[in-house]
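Fit chain B to the supplied structure of chain A, relying on the hints for placement.
Line by line, the protein sequences are chains A and B.
Residue 95 in the numbering used here sits at position 90 of the first sequence, and the numbers go up by one each step.
Residue 204 in the numbering used here sits at position 199 of the second sequence, and the numbers go up by one each step.
By construction, these hints were calculated from the structure, which means they are not laboratory data.
Honestly, I wouldn't trust all of these hints.
Sample of chain A residues at the chain B side, in silico, Cβ under 8 Å [what the hints assert, rightly or not]:
hint	residue
1	G18
2	A45
3	T56
4	N146
5	G161
6	T224
The structure presented is a predicted model; accordingly, all values stated were derived computationally and were not measured.
C-beta atoms are modelled at their ideal positions from N, C-alpha and C, and glycine is treated no differently.
Protein chains: 2
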Amino acid sequence: MNDIILLAHGSGGKLSHDLIQKRLLPSLANPMLNKLDDSAIFEASGHLAFTTDSYVVSPIFFPGGDIGKLAVCGTVNDLSMNGAKPLYLSLSLIVEEGFSLSELDCIVRSIKAAAEEAEVNIITGDTKVVNQGQADKLFINTSGIGVTPFGIDISGANARAGDKIILSGTIGDHGIAVMSQREELKFEVPVESDCAPLNKLVAQMLNSSPRIHCLRDPTRGGLATTLNEFAQQSNIGITIEENKIPIKEGVKAACELLGFDPVYVANEGKLVAVVEPVDADKILAQMKQNNYGRDAAIIGEVTNEHSRRVAMRTKLGHSRIVDMLSGELLPRIC
Amino acid sequence: MNDIILLAHGSGGKLSHDLIQKRLLPSLANPMLNKLDDSAIFEASGHLAFTTDSYVVSPIFFPGGDIGKLAVCGTVNDLSMNGAKPLYLSLSLIVEEGFSLSELDCIVRSIKAAAEEAEVNIITGDTKVVNQGQADKLFINTSGIGVTPFGIDISGANARAGDKIILSGTIGDHGIAVMSQREELKFEVPVESDCAPLNKLVAQMLNSSPRIHCLRDPTRGGLATTLNEFAQQSNIGITIEENKIPIKEGVKAACELLGFDPVYVANEGKLVAVVEPVDADKILAQMKQNNYGRDAAIIGEVTNEHSRRVAMRTKLGHSRIVDMLSGELLPRIC
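Isolated chain A, as found in the complex (with noise of 0.2 Å):
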């Protein structure tokens, strides 16, 4: 009984006082989030990004990362899609009566070492219990603020005819590590979740070059859905091939036992770039300097053909149409 989550932990009375200042102060302390009012306050100006995300990954435990980790690199990745560098996050939890509480000092353990890693700050919370069955275990969300530098405009709508398409490394890791997990499947070569925050590395693109036009992490719909999206949002042509997509011989092999397309399949460390033709050598060898970075390559360009589309040159030389997304890969992936 005493290392479980009761209802009365979200009642907004003591015990869930108790909660925010033995299991979560402790760890996510600040001088904005010990305040404890009903808002945060911060100083900031000018151009500001917004976004939010609630993660009901299952399990909340795989090989790479956990929930809290997700939580914390999803926001500060969408922060970062915009060009903006993130400063703070908000942190609701809502929990099932009866989830371990050592199992959530673990996550947020992971929540600490994410935020820190990429120097973000949560700043104000909230935590919500459910009754038993009415929840899986523990959702998560965040939203998170970042700062936008003077002059840069990036939005899935920015393509140009002549672009090029970076892709900042494998793809399928994180969905082949979270459904390894969850079915217990093994295999040969264990795949770990790429999840990952990826704020330094598009500050290091954006360093390198300030013409990038596009920024998304492929996560859920994969790498297929984002370069669709982009073509849809711009009103472009896309054609990428396939022979230049890197991808790990575990993740290849659980694709093909699974018969899932790796395109399909949702990442949480990678990004896809639409950038300059003239810069993207620059911004590429800039990329391969960072950890999350090293297996970036370009894989296609923007055209005026096929418009709204996005075509793949298969490695047997065929050209096929890449849809988004049509149905559920994999639920509960992020």
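Same frame as chain A, now just chain B:
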């Protein structure tokens, strides 16, 4: 099958895009949200306020409101309680597979109406779908950003001996309304939730006097818990008078029947203000001009006695300590 949420609505692929384009954007559209990038960009400067809340109320429809109205009002109010003018909200949905799309439409309409009343825009969002049985219908997270006027410093830590305590209206309406809907209780006098955005009331109060020290909306844990938070954060004592606390007959009767103490029952459209004594009558008069403050009353004062505790003089003339809520009175009230 056409009127329910499928797992594929949360895939990030085609049905996710359909849901956003057909169900969410038509009601919530604004230039920042419409861009549909990973984060929304806005301009601001100064002291900004940031808050988050997840809403898990059950049932999702109740007399006087629904989870959508609550999710907007609750977050607008958390910003207002630091004296901030709410500007932007995020909206994140966790939906159970099989949830009714027409019920979702109703809730989106409530969100739109509440956001219009509060004059805030929803500029970024997220939708996740979990398998049937892994969540209860619909959970909503809203986070919010506001701007705090120069010179305003409102915090639960700012109460000083001699300050007056103002309550903006009747207590317990929200808790009893949700409870009666949940348990299908019929009371002689039906009780409606007080769920409302209080930002304009707060703006009027600040206009009439900047000497407002603390503001908080007594939600989970009720009036008693909020006053105990002030006493602890400010290291002072608080004395209130039971017969000054406004309470509706229907709520009083329901509380007697259910064995609840109304000072612990949740409110969603009320605030408690701690103000300098010289300005108390002026602020009170101003509050009574606003529809959400017409039953406002001075219910007590801050004292150097019984530090960090709240004492209530009862109708019978005794004095008793009113502690913070201990245990759980009503799970999933907000």
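Hint validity - A:T56 Cβ closer than 8 Å to any chain B Cβ:
With Cβ-Cβ at 4 Å, under 8 Å, it holds.
Mind checking the CB of A:A45 against every CB in chain B and telling me if the closest is under 8 Å?
holds (5 Å)
Next item in the hint list is A:G18. Is there a CB on chain B closer than 8 Å to its CB?
Result: holds, 3 Å to nearest chain B Cβ.
Once the shortest beta carbon distance from A:N146 to chain B is found, is it less than 8 Å?
The hint holds - A:N146 has a Cβ within 8 Å of chain B, the shortest such distance being about 4 Å.
Have a go at the A:T224 hint: is there a Cβ in chain B nearer than 8 Å to its own Cβ?
holds (7 Å)
Using Cβ atoms only, decide whether A:G161 comes closer than 8 Å to chain B, and label the hint accordingly.
At 6 Å from the nearest chain B Cβ, A:G161 passes the 8 Å test, so the hint holds.
Every hint, counting from the list given before, is met by this structure.
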